[in-house]
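Same order as they appear, the protein sequences are chains A and R.
Per my numbering, the very first residue in the first sequence carries number 1; after that it's consecutive.
Per my numbering, the very first residue in the second sequence carries number 1001; after that it's consecutive.
FYI, nobody ran anything at the bench for these hints, they're computed from the structure.
Zero decoy hints are in this set.
When the alpha-carbon atoms are kept at most 30 Å apart in a straight line, the in silico DSSO-like pairs for lysine-lysine are as follows:
1. A:LYS25 with A:LYS129
2. R:LYS1386 with A:LYS18
3. R:LYS1078 with R:LYS1108
4. A:LYS3 with R:LYS1386
5. A:LYS25 with A:LYS3
6. A:LYS18 with A:LYS57
7. A:LYS25 with A:LYS65
8. R:LYS1342 with R:LYS1367
9. R:LYS1124 with R:LYS1103
10. A:LYS215 with A:LYS129
11. A:LYS165 with A:LYS113
12. R:LYS1386 with A:LYS165
13. R:LYS1077 with R:LYS1211
14. A:LYS151 with R:LYS1386
15. R:LYS1386 with A:LYS65
16. R:LYS1342 with R:LYS1199
17. A:LYS57 with R:LYS1386
18. R:LYS1167 with R:LYS1078
Which residues of chain A face chain R? A few of them, derived with a C-beta cut under 10 Å, are:
19. LYS45
20. GLU71
21. GLU74
22. ARG75
23. LEU77
24. ILE80
25. LEU82
26. SER141
27. GLN158
Even for Gly, the Cβ is constructed at its ideal location relative to N, Cα and C.
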Amino acid sequence: MLKVVDLHAGIENRPILKGFSLEVKPGEVHAIMGPNGSGKSTLSKVVAGDPHYEVTKGDVFFEGKSLLGLEPEERALLGIFLAFQYPVEIPGVNNASFLRMAYNARRRHAGQKESDPLEFDEFLREKLKTVQMNPGFINRSVNHGFSGGEKKRNEILQMAVLDPKLAILDETDSGLDIDALRIVAEGVNRLRRPDNAMVVITHYQRLLDYIVPDKVHILADGRIVRSGDKSLALELEKKGYDFVGVK
Amino acid sequence: MSRPPVESTPYRDVFREYAPASGAPAWREASRLAAFHRFHALGWPTRALEAWRRVDLAALDAVYSTPCEDCLESVDKKMLELYFLPHAESNRLVFVNGIYSSKFSQVKDVPEGAVVRDLPAAMKEREAIARPLLSFDEAESDAFAALNAFSFTDGALIHVPDGVEVKTPVHLLFVSVGHEDLPPAIYPRVVVSLGRGAKASVVANHVELTKDEHLTVSAADLRLGPDSKLDYTHVQRSEGSGTHFSSIRARLDERSTFDATSFTHGGALNRLDARVRFQGAGAAASLNGLTLLDGVSQSFVDAEADHAVPGCTSRQFFKSVLAGRARSEFSSLVHVRRGAEKSDSRQLNRNLILSAGAQAVTKPELKIFADDVQCAHGATVGQLQKEELFYLRSRGLSESVAKFVLTYGFAEEIVETIGDAELRGQLEALVRARLEDLVGGEDADRVVA
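Just chain R, with the same shape it has in the complex (with noise of 0.2 Å):
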């Protein structure tokens, strides 16, 4: 797969001709065409738009290398265990770069009929079910989705069929390394299709294993049938400068289920725009999320419910620890349509400030066109509050331990709200580790959630 090539251009510069992409399905070359397009009319975003105000956008003035195969090599299995999710392990899916290392992956325990597979493979031999599931949706309103759309060549792909259940999480290790002098940009593309009654679990888990820059413009397109369920965690966690632009398409049929969490750590910059459309009435979305940043780490949430069908329940939870001189920005709009009577929604956005230069902007929107809705918002930007801190120091806790468990608190609550028990505990971990570090807390490890 090839594009043009990218050396010497600055990224903002080299979308501006159309290349096909050699070797792909014409199909596929279509569905990139009208991607293509799309993002040409939106156009690059800029600091004039409200929703990118404070986004530092500096990021597309760098120069890229294309994904690079050699990069598997790179890689060896000490570095990657550390990620692994034992209750995974027969459904795990690895991708360097952007590209799926088929020495890392295995795929056993996927029932009948239903599909678990990387894209280009999907794409050759499942191209009935894949070719209706990658086409492009021409409402995209993010240049940043419909980018990935345009430029992706690998990612994931999971199918299941009417009635079916996948028992065995998918795990989907996305790991970024170095590459040679320039930084790479990637574009995973995870793509879930539940049927009528079907359930399914899936990780996406973003790792960078290298400080360096690097760009990932990631999209996860969902489409829940009626009565499905899907868990979905999306997790970004970076040590590094990388810039991470991550969009999240739900589609929601009737009475099914979708339960979200995402988690941020570090990384120069992070956006997550995440949409939940009600296509059919009856049905459940709950999106949490928690990010955790220090140093000039910045973070973009914008978070949407369409309600345009009645009787749909959607939640929205995201919090986020700041320290450092890092900033946060949470956007949400809950749209409840002409006609979506009895829907039900909550947005909560809670940001703890933990140093003097760190910044949280929070702005929870509705939209209510329908009678008969209960539509709930808050937001808070603030410190540990005095009381909690008497209460716990009451009680014998040392005040930095005091600081600690509710700093510790404050993250678990959204970090409990993930399925997987061994990626719980793994981000548990990472989230102790840095708050030891930010708020100190010598009996840090008492605390057991």
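Looking at chain A on its own, in the form it has when it is part of the complex (with noise of 0.2 Å):
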């Protein structure tokens, strides 16, 4: 589903990636940990589409064709999606109404009926549920005046909406509470399917503990050292980042 080969990216002429690699196939969870500075947010950036990040060499392949050279939104419409580590405040704008657009721009997309304001608030307060949001939520501005585990909630409506084939979840752990991130672990694993992949990527552990990846990676300075299974991430927990050579 998502190829990345050899990548090399970087941002105001500062390179980050340095030959990153990864193969990630449909159904499956990967992990990808790294300390601060190794990468793991230009990657996301990278694959969705930020126009800030330059790649200088090496290609993203999603679905067996390239994205680079696509608008971000090409590729949300593609199926891809970043839930970001900051999401950004957008007063004025209903969570709701932002929503049920970026649903339309989807299903425009694919060739269906646009939803209209009473059907797509049915199928909003099922996805409610999914990450036991409040409906409340969905009729204030878009994360404006949210804490830290609403706005990483929110994210994951977006992401039960939307759908993604593919959805990277950048640090979605930060700034979590215990309580906060096994509702936000829970609400990711419900839409975890056979025909659909998640990146995850993290610095700590424990995320891990609630979403249990298939394959984890030890990202260092803009490259995989080292790829293992989940035992990997609980060696790492032990023993730190020195243990494979990072600082």
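Take the two lone chains and join them into the complex the hints point to.
Encoded structure:
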């Protein structure tokens, strides 16, 4: 589903990813772990198409097609979703309306009929249960004045609504207490299917107690230095990043 | 009501000599005289004054006509209906070029004891109430506010006695129309007085039905008794080249609540001078404002909260969206006087610049002479944030839609504070239509607030 080949990318002439390769198949959950500055967030932004990042070498393929050169919205419409580490607050824009706009953009792209506000409301109420969100949230402005946990839950709500083929969760666990973490992880687990895939980026092993990965990769200085199964994350937790030669 | 002939005199020179208003009662003439003296003591503003340094005062050199009775004939219901507010249908006062139109007005939903009248009628028939409310505040420091106090002949008076609530909002619709050869100069005045525990909601809706030049010097004098609550919305919408000097004065007694929103769109020059004076402890005032400008429109907001007594809360939240070569300036002062402990204030000004030629100046200031206060202020001037755009695009929205949504949301954060749903809907439609022109967004209709 996702194939990253020898990716070199950076921002403002600063190289960050230096030969990153990864292959994710449908139904798989991959965890990418690594210390701060190793390039975890850069990877997520490059795959989602953030125009601030520059790819200097390599390629990113999604379902066999190169993503490079596609606008972020084109990638989203193909079925890629990025749950942001720092979701953006949009005062004045109603959460439900925003979700419906995004949902309908997706439906239009797929040649389906757009959902009217009433239909969508019903659909959204179902999705709210996935992330155990209070219906009151959907009538507030997008992320505006939300707590850290509420913002992350709102990201998972968006994911539930947009039903992506590939979801990248960028440090979705950061800033969450254990209860919020559990709720977010349960939401994510409910969205796991044999025909979709997830890349879970995290600094800590903690999240992987709840979202159990098929594969774990350790990222250091812009490339994967070690890959393994879920036991690698536990080993990392015990021994620290030093054991893979990373400071 | 007459005034010296102005048909050939530049506006600057019209007020050199004092002239009594014919037909005004003696008590009104006394307050006119006081205002005239104050106006002269203050003098016309000049660009030497910091607050007026960037204000183009060319409109003062033009020649204007006096308010015209016959203008009333130049509007019909169809032109006005677009701006009517169904919720306030039964309490609507319409003014055409500053003159009250009984034909288009109706006041049917006023509780016992309350007064909602046009000023000429109130002065004549309710002198005991009108007289103190039309007395001139000699401490007035804005020349245009003094000029309105001297020049007004018409406007609205709203008086709500102790413990009474006027449930139906009062809609004051001031429309301006073109007037023969000369542009008109008009002086709308709004007076609101709330007794102890009284409540009211007032919309002062200034709409230009002409693209021609004209000059509006409006003033609102709002007095909130103890524990009273006033919602006040000031709208200035213009498609043309009008010049508007507006002043709002609110005096708040103990534990009263004042929620005000101003909305400004278009026009050649808009200046809003809004001052809140806390006279009793524990009162709260919130002033929100949105300015939406393009072309060569200019807007100046001068806001002040005077914390003269302890335990009051003031909020100022002003935003501007600027395109073309528009200019906006926000000056704001929160003044916490000696003894005004536990004052709590916030000033926030955000400016969104949509074009290279637009310009915003922001100057929130604090003067604090008391201890144990909480005062915060902030200001931003900038373009849409790239992170915000990427966030929306990553959800499948096109770049133009993402820009539209962010810009609309920026404006909507203020518009959504307007209490009257119908007015809010009208202004949202206006913002949406303008932003579609300015930033595009082919799916704009899908953004519902």
